[in-house]
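Dock chain to chain to rebuild the complex, using the hints, since each chain is given by itself in its own frame.
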Amino acid sequence: MASFVLVHGAWAGGFVWKSVRPLLWSAGHAVFTPTLTGVGERVHLGTPETNLSTHIEDVVNVIEYEDLRDLVLVGYSYGGMVVTGVVDRVPDRTAHLVYLDAFLPNDGQSIYDLGGSSGAPVEGEDWRTRRQRPPATGVAQAARMARITTHPRGCFEEKVRLSVPLEERPFTRTYIKAGLGMMMAGGQGPGERRGHFWEAAERTRNDPAWRYYEIAATHGAPFEAPLVIAGILRQLVEMATPLFTPA
Amino acid sequence: MAMFVLVHGAWSGSYRWRKIRPLLWSKGHEVYTPSLTGLGERRHLAGPHVHLSTHIEDVANVFFYEDLSGVVLLGHSYGGMVVTGVADRLPERIAHLVYLDAFLPNDGDSLYSLGGSRAPQTEDPSAGSGQGWQVPPIQRRFATPEEQAWNEARRGPQSRACFEEPVRLSVPLEERPFTRTYIKATGDPRPADGRRSGFWEAADRTRNDPRWRYREIDCGHMVPDERPAELVALLLELA
Chain Z
1 MASFVLVHGA WAGGFVWKSV RPLLWSAGHA VFTPTLTGVG ERVHLGTPET NLSTHIEDVV
61 NVIEYEDLRD LVLVGYSYGG MVVTGVVDRV PDRTAHLVYL DAFLPNDGQS IYDLGGSSGA
121 PVEGEDWRTR RQRPPATGVA QAARMARITT HPRGCFEEKV RLSVPLEERP FTRTYIKAGL
181 GMMMAGGQGP GERRGHFWEA AERTRNDPAW RYYEIAATHG APFEAPLVIA GILRQLVEMA
241 TPLFTPA
Chain V
1 MAMFVLVHGA WSGSYRWRKI RPLLWSKGHE VYTPSLTGLG ERRHLAGPHV HLSTHIEDVA
61 NVFFYEDLSG VVLLGHSYGG MVVTGVADRL PERIAHLVYL DAFLPNDGDS LYSLGGSRAP
121 QTEDPSAGSG QGWQVPPIQR RFATPEEQAW NEARRGPQSR ACFEEPVRLS VPLEERPFTR
181 TYIKATGDPR PADGRRSGFW EAADRTRNDP RWRYREIDCG HMVPDERPAE LVALLLELA
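These protein sequence lines are chains Z and V, in that order.
As numbered in the numbering used here, residues 1 to 247 make up the first sequence, in order.
As numbered in the numbering used here, residues 1 to 239 make up the second sequence, in order.
Derived by calculation from the structure, the hints in this document are not laboratory data.
It is possible that part of the hints are untrue.
Derived Cβ-Cβ restraints for the label pairs, each shown as a range [claimed, not checked]: (1) V:Gln148 - Z:Gln132: 50 to 56 Å; (2) Z:Val122 - V:Arg168: 27 to 33 Å; (3) V:Glu175 - Z:Val122: 37 to 43 Å; (4) V:Gln148 - Z:Arg194: 54 to 60 Å; (5) V:Ala143 - Z:Gln132: 50 to 56 Å; (6) V:Pro145 - Z:Gly124: 53 to 59 Å; (7) V:Arg141 - Z:Asp113: 49 to 55 Å; (8) Z:Pro48 - V:Ala229: 45 to 51 Å; (9) V:Arg89 - Z:Thr47: 21 to 27 Å; (10) Z:Asp126 - V:Asp204: 52 to 58 Å; (11) V:Arg168 - Z:Pro165: 50 to 56 Å; (12) Z:Gln132 - V:Ser113: 45 to 51 Å; (13) V:Pro48 - Z:Arg193: 46 to 52 Å; (14) V:Gly70 - Z:Ser163: 43 to 49 Å.
Ideal Cβ positions, reconstructed from N, Cα and C, are used throughout, including at glycine.
With the rest of the complex left out, here is chain V (with noise of 0.2 Å):
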């Protein structure tokens, strides 16, 4: 039995595993999906002051009060800037340490340096209107019209402070004793205009690296939505 912490994206919540959670309970293992503050189940806790370290918080919180160990960390997008400030935390309670077509910062980098969250340097459509602490949603695309606007129903503002904070990595990953797995989405082609793509550039750089496992999933960036079993497969080879 393998002990799992996933953590969704940005704009999102925990209910972006509800695919995945019941295909891990029926085999015997345990599920944990903490909605991040601010967002999701936990939108009533928004506030400028939520910051990449009330999400840090928030998932180390629930390793103690859980008494959770031997844990397979997982970060998707966002997430991936969450479970780096986890790992640098909590690097003895985490077996496996997995960046699901996410963010992989090295010490001091933002979502935002990382080029992530689109054009911070373009005008915010929100400033002025005391709404600017917050950020609108990328639009995502899914596979249904139905799963479209269920999900649009239950995606929101995140805090600009969560693409501000840099993490801090007292060591760097590849010198912990966990693995380190990396898994591309496939489906989204790199960007043709010369954007950065956070995703693309963390393929590149784990993709020949002894230290990682590099994985491949030919869907786009919903991957727990898109391909929920080939998603718990591949989890489930690496624990």
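The following block holds chain Z by itself, in its conformation from the complex (with noise of 0.2 Å):
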């Protein structure tokens, strides 16, 4: 049995990996989906003074309260930011570390400096951005957009510190592009290879300290593509040599 930790992107929650759970719970694993303080179900808890070291906060504490080790940790879009520098506090925990059409900063950077969507500031709140776009597939949006939240700015703006370089950690690395394009941010359309996620596509696929995949999905991935995803994610700990060959 092993546990996984799935880190949500921006304006969301925990319930993106709705679909993803339950294929790994019924293989024996243990799945923690927190949701990030100031958006989803946490809502309420936003203030000025959440940032991305509260996020990254959030994360090592069910970590470190759940007493996890061997953990394969999961970013999803901004959870890219997350998980980065989640992995710089308890590298040791972590066992193999994944970006599912993530943010991959290197030491320094916010997700402004990597040409991330900014939001609309909310009126009156500017320490609050909306979502710009709505999701761009057509799985269950209505149920989606009715739980898109504001997420707080300061998460954007703030830089993620790594002590290490992320290819000198002895956990695996692995990135999962969606193939088929995302449609809201940059004004990427479907088979434009253009921005930050395929930038992150470019610097992994041909570096051996990386497993890429390409998954025929959009950005929406978790609500596309719950089964390819789950089977990533579970031969990682119950095969010792991939069953599909990262491309």
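Pasting the structure below:
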């Protein structure tokens, strides 16, 4: 049995993993999908002080309070910023680090530095941002729209700190690119291989320190491709030799 | 397949359910164990502003964002205060309401008014230090020195406002369509010195009331740690 910690993206919540969780539970794994402070089911806890450090603390505390070891740590979209900060704090508890169509910052970079979407300021509450475009996918779109919350700006402004480059750590590294493009950030449409997530794909695809997968989904991958995502995550811990060969 | 939302007690956290979750997951059930704001893994969010209402919101939000219905909602200890507030807000989403050695308030009761958290009338050791907004944890006994140390490393103070704020019930629990169960841990004897025990009072209230199912587990208050398999079997029987 392995432990998975799955970290959602901006303006969202732990619910984005709703279709992925049971596929891991049923294989006997423990799954934790914390909602970050100030968004989703924790939207009532956001303040002007909420920033990336708050979210890193949210996740580090789950790992420490639950006493998780040999864990698989997954960051999706903005969650890539969070897991990068988390893994620098608890490198010895992490066996596998996975980015799912996610921001992959170097030391000293914020999501703004990487060209991430800033969101629109909420009138009268400049510390909160609103998502500017609806989710790309039509899958359960109404239910997803109803759950989009504001997101504290400080999370996007704060730079992440990496004391040691990811590639020098003993855990494995995986980048999963949603290959059907991304409809909402930077004006990209399907088929356009531009924007930060494709830059991260380029960085990791031919680097032997990384495993790289491209899956047939848009940026809404956890909703569109839960079986493929769960399959890739499971083989990290269940198989000595990957069943799906990285691209 | 059933849907469980399990709410921990005072000075505790989601980790209280670490022995329970895998037993339910492995049988195909969904389990949500939110940590209440300011406690456990959410300790970095603590402050005097955290009230019982905050905790009710914490749990009610899980229902909405995860789109849960037909839920078995269980509160352990102080969690009984929280689930009572949640059940009043979302009665249509709850199939079974379960109190596990928990406070069972009526409309307008607070944890302190039920005699909880021991002696709010005595002098607070942290008064005058600027930390008077928080209440230090009561000592609990665990089975082994290792478990004792593991748990003590995770227990921390809780905002006093959680214990002072009364819960509001617009309709008595007994008039709701969900089933109601009280589970008493009988290993903790009734206090002999005349002190109040909210848990024994709740047991006495529910034991012979046909609107309640009443069960006992022969262990101490930390049932999820002491008797995980027995508790899960009971939950599956009720669900």
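Structure-based check of all given hints:
1. V:Gln148 - Z:Gln132: 50 to 56 Å: Holds, at about 51 Å.
2. Z:Val122 - V:Arg168: 27 to 33 Å: 30 Å, holds
3. V:Glu175 - Z:Val122: 37 to 43 Å: 40 Å, holds
4. V:Gln148 - Z:Arg194: 54 to 60 Å: For V:Gln148 and Z:Arg194 the Cβ distance comes to about 56 Å; the hint holds.
5. V:Ala143 - Z:Gln132: 50 to 56 Å: For V:Ala143 and Z:Gln132 the Cβ distance comes to about 53 Å; the hint holds.
6. V:Pro145 - Z:Gly124: 53 to 59 Å: 54 Å, holds
7. V:Arg141 - Z:Asp113: 49 to 55 Å: At 51 Å between Cβs, range holds.
8. Z:Pro48 - V:Ala229: 45 to 51 Å: Roughly 46 Å apart at Cβ, these two residues keep to the hinted range, so it holds.
9. V:Arg89 - Z:Thr47: 21 to 27 Å: 24 Å, holds
10. Z:Asp126 - V:Asp204: 52 to 58 Å: Because 55 Å falls inside the window, the suggested range holds.
11. V:Arg168 - Z:Pro165: 50 to 56 Å: Holds - the Cβ-Cβ distance for V:Arg168 and Z:Pro165, about 53 Å, lies within 50 to 56 Å.
12. Z:Gln132 - V:Ser113: 45 to 51 Å: 48 Å, holds
13. V:Pro48 - Z:Arg193: 46 to 52 Å: 51 Å, holds
14. V:Gly70 - Z:Ser163: 43 to 49 Å: 47 Å, holds
No hint from the list above goes unmet by this structure.
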